[in-house]
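Enquirer: Residues per chain, in single letters:
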Amino acid sequence: MTAMATQVESNCDALLRAGNTNCAGCGMSIGLQLLEQALGKDRKPLMAIPACCGIVTAGAFPTSAYGAPVAASTFASAAAVATGLSLVGEINGEDAPVMVWAGDGGTYDIGVATLSAAAERNENVLYFCYDNEIYGNTGGQRSSATPEYVTTSTTPRGKAERKKDMMAIMAAHRIPYAATLSVAHRDDFLRKVRYALTVKGFRFLVLLSPCPTGWKSEPQESVDLIDLAVRCGVFPVFEVFDGMRYRINVRPDGTPLEKYAERQRRYAAASMNLEGVRRHVAEQWAWLEGMERAFPGSE
Amino acid sequence: MGKALITGNHAAGYALSVCGEANRSARGCVAGAYPITPQTEIVEYLRGFNFSRGRVVPVESEHSAMAVCIGAALNGARAFTASSANGLAYMVENIFAAGYYRLPIVLIAVNRTLGPPWNIWVDQGDSLMFRDAAWIQFYTESHQDLVDTVLLAFRVAEDPRILLPVCVALDGFVVSHTLMGVELPEQAQVDRFLPPCHVPHRLRVDHPATVGGLTWPKETAHHRRQIQSAMERVPEVLEEALDEFEKVFGRRPDGALRVEHAEDAEQMLVACNTMARTARRLVESRQSEGEKLGLIKLKMFRPFPRRQLREAVGKAKRLGVLDRNHSAGSGGVFWGEVAATFQGRSDLVVQNYIVGLGGGDVTPEVLGMIADDLQTRMTAGEPIWQEVGV
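In order, the protein sequence lines correspond to chains A and B.
First residue of the first sequence? That's 1 in the numbering used here, and the numbers climb one at a time after it.
First residue of the second sequence? That's 1001 in the numbering used here, and the numbers climb one at a time after it.
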């Protein structure tokens, strides 16, 4: 009766409804639409979304742009709130998937302890991180997901440190499934999300999410940018089974790094050292290829 | 179960467990478990209890202990946890979230001094830290008071007129680690006393809504006003819960206040937790000597029982408010509330005594010195720091 009022639905069935507040060219919009395709129209998740652009997406009370129920959690709590949602579902024999939809700030930085703990307990949660490599909601500050040399509002001369390897950290928890998702590779994206939905336990999926306002890129080029990120090797598309067995899904095709960098003004810092980036990308690929050779994985 | 000799922590663990188990007929229960002295044995007890429809999650922090409770309550389960001192401080962001989400979570606070410097003994400053967080707060004086209040806490929190979380506080070590005889409620009695937990705004797959999203100033103010209205209904709902408790268990725990010798007292001590027990002993001995000393045990701190307190003071001319906490730059937190309650009453002296900080032993002798000071006062002064032996 006097419970906290909730934001009510329109008659729209979509997971991401018209009227949401996302910017044009936001990778999160594409990701949510692909997620909906993977789920199918009839299957609705329970979602926990921490502070991030993804909760602003819903719009203001009394509307909600999500076609699924959402718990708007505190910044560092999404994986723990999802734990509570999931356990009660399990106790009551309910099969609605419990999902987290979080940005890189809430995943790589402030939420990392909560995420690590939920992964270590192997909670039955499907965790999505849409990684736009900055704190987008607050105007584009660096996070530990920001790549080296990139300019943000708190790295005006370029970021000195490398991007945190979150996939390696999550794999080290030996969770049943972890994968990276490219919004430019629809079939691969859908296949992996559909597979993740069949797995019980903690699943971690991260998509590189273009952010035109933060990346200083053109909205209509967002999908092309992710395609270039995959082709030049900056964003490896792969999956890890049980935290041990690797499978690379898309290999780089020799596209020069410049093709990716030159279309984003965040890569225009005076200190930009593309040679350094190239070396680190090559290192990363040598490691990944080695892991796949030594510990090949499949469903 | 009958009467058992049991520590305060085990009594709290038992009470939480039977309350959680009682919700097996509905959507079950979930608890967050994270250790901190002097609370640890409560979550150990929970982890050992064999719930038929419940889970106790060994989380990585107090912040997540409350977050797990929030998720569970948002999916309709009965949810609870326990903590102390810096653990509560770490939890605070989600303590506010639980209140503002209107979730009927129960939190046991084993009162301990906030550090640094590190000190594991009793001080109410930890739970008073979140007095503004839309939580009901009870301060308990004994093992029995604690057990009974945990049961009442769930009943009040989950009442559809309330839907607010409840914190039940007890003294670290003085209660948590000592043994007392306690009437422990039987599961069947608790099943009768607690209706199934129903969270009306829980997430439902057929109702796509965002709980806790963005609101504009007008809606935000309305939300806070609704919480205030719910708080104002607490005394009535608590009285009903006490009536029901008496029917099921055959005894009546203390309500918002417990008043002694109000009819003839000229001065009254105002105290919570075990200090109220010690004060009661002093009051009895002074009364037997003809001194007109009374006692108000303040059990409910939120909502602050202003109306009941005004009625309770009767003809008293002086109130001595005991505070085992310190709001730096002001004084005792209870005193601030009591003084505000009696603003405009120039005929009433409201004097603050800060006593037993950091777990100092508040003996009848210490309270005797306070009573002696109070008795001679014609006006109230600044808060008095009363030293104790240890």
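In case anyone wonders, no lab produced these hints; they're calculated from the structure.
Warning: the hint list may mix true and false statements.
Under the rule of at most 25 Å between Cα atoms (straight-line distance), these lysine to any residue pairs were calculated in the SDA-like manner [to be verified]: (1) B:Lys-1218 x A:Val-56; (2) A:Lys-259 x B:Arg-1053; (3) B:Lys-1218 x A:Gly-19; (4) B:Lys-1218 x A:Lys-164; (5) B:Lys-1218 x A:Pro-62; (6) A:Lys-164 x B:Ser-1061; (7) A:Lys-200 x B:Ala-1033; (8) A:Lys-200 x B:Arg-1204; (9) B:Lys-1218 x A:Thr-63; (10) B:Lys-1218 x A:Gly-59; (11) B:Lys-1218 x A:Asn-20; (12) A:Lys-200 x B:Thr-1007; (13) B:Lys-1218 x A:Ala-60; (14) A:Lys-41 x B:Arg-1204; (15) B:Lys-1218 x A:Phe-75; (16) A:Lys-200 x B:Pro-1058; (17) A:Lys-41 x B:His-1207; (18) A:Lys-41 x B:Arg-1047; (19) A:Lys-200 x B:Arg-1047; (20) B:Lys-1218 x A:Lys-41; (21) A:Lys-200 x B:Lys-1218; (22) A:Lys-200 x B:Phe-1051.
Enquirer: The structure should be examined with respect to each hint, and the outcome stated for every one.
Expert: Checked hints:
no.: 1; hint: B:Lys-1218 x A:Val-56; verdict: holds (18 Å)
no.: 2; hint: A:Lys-259 x B:Arg-1053; verdict: violated (56 Å)
no.: 3; hint: B:Lys-1218 x A:Gly-19; verdict: holds (22 Å)
no.: 4; hint: B:Lys-1218 x A:Lys-164; verdict: violated (41 Å)
no.: 5; hint: B:Lys-1218 x A:Pro-62; verdict: holds (12 Å)
no.: 6; hint: A:Lys-164 x B:Ser-1061; verdict: holds (23 Å)
no.: 7; hint: A:Lys-200 x B:Ala-1033; verdict: holds (23 Å)
no.: 8; hint: A:Lys-200 x B:Arg-1204; verdict: holds (21 Å)
no.: 9; hint: B:Lys-1218 x A:Thr-63; verdict: holds (15 Å)
no.: 10; hint: B:Lys-1218 x A:Gly-59; verdict: holds (16 Å)
no.: 11; hint: B:Lys-1218 x A:Asn-20; verdict: holds (22 Å)
no.: 12; hint: A:Lys-200 x B:Thr-1007; verdict: violated (40 Å)
no.: 13; hint: B:Lys-1218 x A:Ala-60; verdict: holds (12 Å)
no.: 14; hint: A:Lys-41 x B:Arg-1204; verdict: holds (16 Å)
no.: 15; hint: B:Lys-1218 x A:Phe-75; verdict: holds (24 Å)
no.: 16; hint: A:Lys-200 x B:Pro-1058; verdict: holds (19 Å)
no.: 17; hint: A:Lys-41 x B:His-1207; verdict: holds (15 Å)
no.: 18; hint: A:Lys-41 x B:Arg-1047; verdict: violated (40 Å)
no.: 19; hint: A:Lys-200 x B:Arg-1047; verdict: holds (23 Å)
no.: 20; hint: B:Lys-1218 x A:Lys-41; verdict: violated (36 Å)
no.: 21; hint: A:Lys-200 x B:Lys-1218; verdict: violated (43 Å)
no.: 22; hint: A:Lys-200 x B:Phe-1051; verdict: holds (23 Å)
Going down the numbered hints, you'll see the structure goes against 2, 4, 12, 18, 20 and 21, while the others check out.
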